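**Student:** Sequences and hints are given; from them, build the entire structure.
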Amino acid sequence: MNGEGVLTGEFFMMGDVACAEGAISAGCRFFAGYPITPATETAERMAERMPQIGGTYVQMEDELASMITVLGASWGGVKAMTATSGPGFSLMMENLGWGIMTETPCVLVNVQRGGPSTGLPTLVGQGDMMQARWGSHGPYEIIALAPSSPQELFDLTIRAFNLSEKYRTPVLVMTDAEVGHMTEKVVIPPPEEIETFPRRKPTVPPHEYLPYKADDDLVPPMANAGEGYRFHITGLTHDERGYPVIDAETQDKLITRLVEKIRKNKDDIIQLEENGLEDAEVVLCSYGISARTALWPVELARREGIKVGTLRLITVWPFPEERIRQLAGRVRAFVVPEINYGQIALEVERCASGQAEVTLVGHAGGDIHEPERVLEAIRRAVR
Amino acid sequence: MSSKQTVNPKLETQNSKPDRHPMDELLREDRLPHIWCSGCGIGVALTCFIKALQKCGLDLDKVVVVSGIGCTGRVAGYVNLDSFHTTHGRAIPFATGLKLANPELKVVVFSGDGDLIAIGGNHLIHAARRNVNMTVICVNNFNYGMTGGQVGPTTPPGAITSTSPYGCFEHPFNLPYLAAASGAVYVARWTTLHVRRLEKSILEALHKRGFSFVEIISPCPTLYGRWNKQRTGLAQMQYYHDQGVIRHGLDPKEADIGLHGEIIEGVFVHIEKPTFLDFCSDALAKSVG
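Those sequence lines, one after another, are chains A and B.
For what it's worth, the numbering used here labels the leading residue of the first sequence as 1, then goes sequentially.
For what it's worth, the numbering used here labels the leading residue of the second sequence as 1001, then goes sequentially.
Bear in mind the hints are in silico, worked out from the structure with no lab data behind them.
Keep in mind the model is a prediction, meaning the values are calculated, not measured.
Using N, Cα and C, we set each Cβ at its ideal position, and we do this for glycine too.
Honestly, I wouldn't trust all of these hints.
Partner residues are not named here, just some residues of chain B that face chain A (Cβ under 7 angstroms, in silico) [said to hold, decoys possible]:
(1) Asn-1102
(2) Leu-1105
(3) Gln-1243
**Tutor:** Laid out in structure tokens, this is it:
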């Protein structure tokens, strides 16, 4: 194969394509997917690029298969991903849970469109944010990142792969149709400037290997299939040997570790972008395309003399609870524009605990917010 | 694939014990006894599989067993190989990911009729169509055992189950016909009575390049049998003895199974055609070098 992995250079590139290039730069060599608007361009790019660099593209019969095939590929020793939108995301939820329970690194990209159901295939939505958090059954923690530009789709897809290997869990990239279909400047750095996190391999001989005996940071090293470790992996509640044990005690031990490995490392995982918060009376808190379209109304409000700052959630899950609490103690209000009828706004409200007012600027989907609506919400917050 | 049989250091120690069963090397002894009922055929199916593995000459460190959910889905938990107990119906696409990510692996899917044919039916036909290199062993006991004996896509018309109390009103799938029509390069059916032929078929399937499919008709006296006049494993084996008919090479569309009717067994398909990976490597060698 004569292809190159990292396409170093400056490009005028679509978000979905930048996502594929980010994955490749992170070392992804396996893509399984199913065509769905507005995520199809990621699959198309992978179909073209994977064979050039010794990777595999396979188009599955549905999204149930796409997700579990990615998990299988990861156990085969390859960094793997899929990309989809709302209806496909719904179908992936059960197997996402298997990935969480079995601690399988992989990346799932959701280019969100308007829903529910078939909804608005070609138009934007941000209505899957709570599904990202709670969409699979049972108690768990998840990592989800929310890019606001094609450049960030490139950067955060790399970060998603690194977090998935570091914490041994599926990581979600929750983008949207606007960012995914936007074409703008994307800079791909030289390979030596791209940090990648390798798989955490066992250091003990096969007969001493326990697949779920965690290191001090609560993450167990991972042997791949075919390396002679002869392990058993199950989605059932299991002990350190990976054997099913169906009782409350084992469940408590396992689930506590799965949750804590993310909660205890949230400072490493949570990434925020803050502007003008030092003397802010109002915090415009948003993510993805809505954080970007809010910049203009924020600018207009500042011109009117309103002290408004911005808090952009680059990591949405785990939720930056502490930062919201700190801010709630000293600001008057949060304004939360998002293209749904209140999902992240509920989280902000929970963390603000009545110390600051929280105003949702909702939108059913199909378009970005009118700047006037966001501006008016900021004005009302200081009245 | 290498013919060298690598022995795990743990196994060597265990092998020195004088009282070990010849198959213990390939079983997780610390997980026994198994969960299967008295008279169940899954143990026989597993025995034939292990015998075939012992004879196959493959590097067993590279053999991976993938199961879905259900009674047969527990097989993955008992074999001393890399093994995965996946979600209900998704063993085949999981196996597809493993195989395509690491073509050195020999991937075997071992699961039941409810898992592979009902909830996972779409994956079965598509993996066969792609001719992904894997062996699928499907234990067919005509009902959902793990959940207490409900009607399924292989239940013969008229059969009583907990959710077909007036008899099954649906036409069942004929599995060899389904697998053959979908593109499998090796298709066989045996009952758990015909253990030597079954073991030979599994061995042939393991060595086949492409998508190989072996259906194993298996007793479930606890649930299926007791409602359908075969109350013991022995009674079901007697039925296989009386009604089992070997017809190698028969067009599998002739191999329907009716309630208490004839069970046609044999190797129905044994052909060669390019696998998914053959197509990939040939086409890509020309296009991208």
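**Student:** Does the closest beta carbon of chain A sit nearer than 7 angstroms to the beta carbon of Leu-1105 of chain B?
**Tutor:** holds, 5 angstroms
**Student:** Grab the minimum C-beta distance from Asn-1102 of chain B to chain A and call the hint holds if it beats 7 angstroms, violated otherwise.
**Tutor:** Check passed: Cβ of Asn-1102 of chain B comes within 4 angstroms of chain A, closer than 7 angstroms.
**Student:** Hint check: is the beta carbon of Gln-1243 of chain B less than 7 angstroms from a beta carbon of chain A?
**Tutor:** Violated: closest Cβ of chain A sits about 35 angstroms from Gln-1243 of chain B, beyond 7 angstroms.
Checked against the numbered hints given earlier, the structure breaks only hint 3 and satisfies all the rest.
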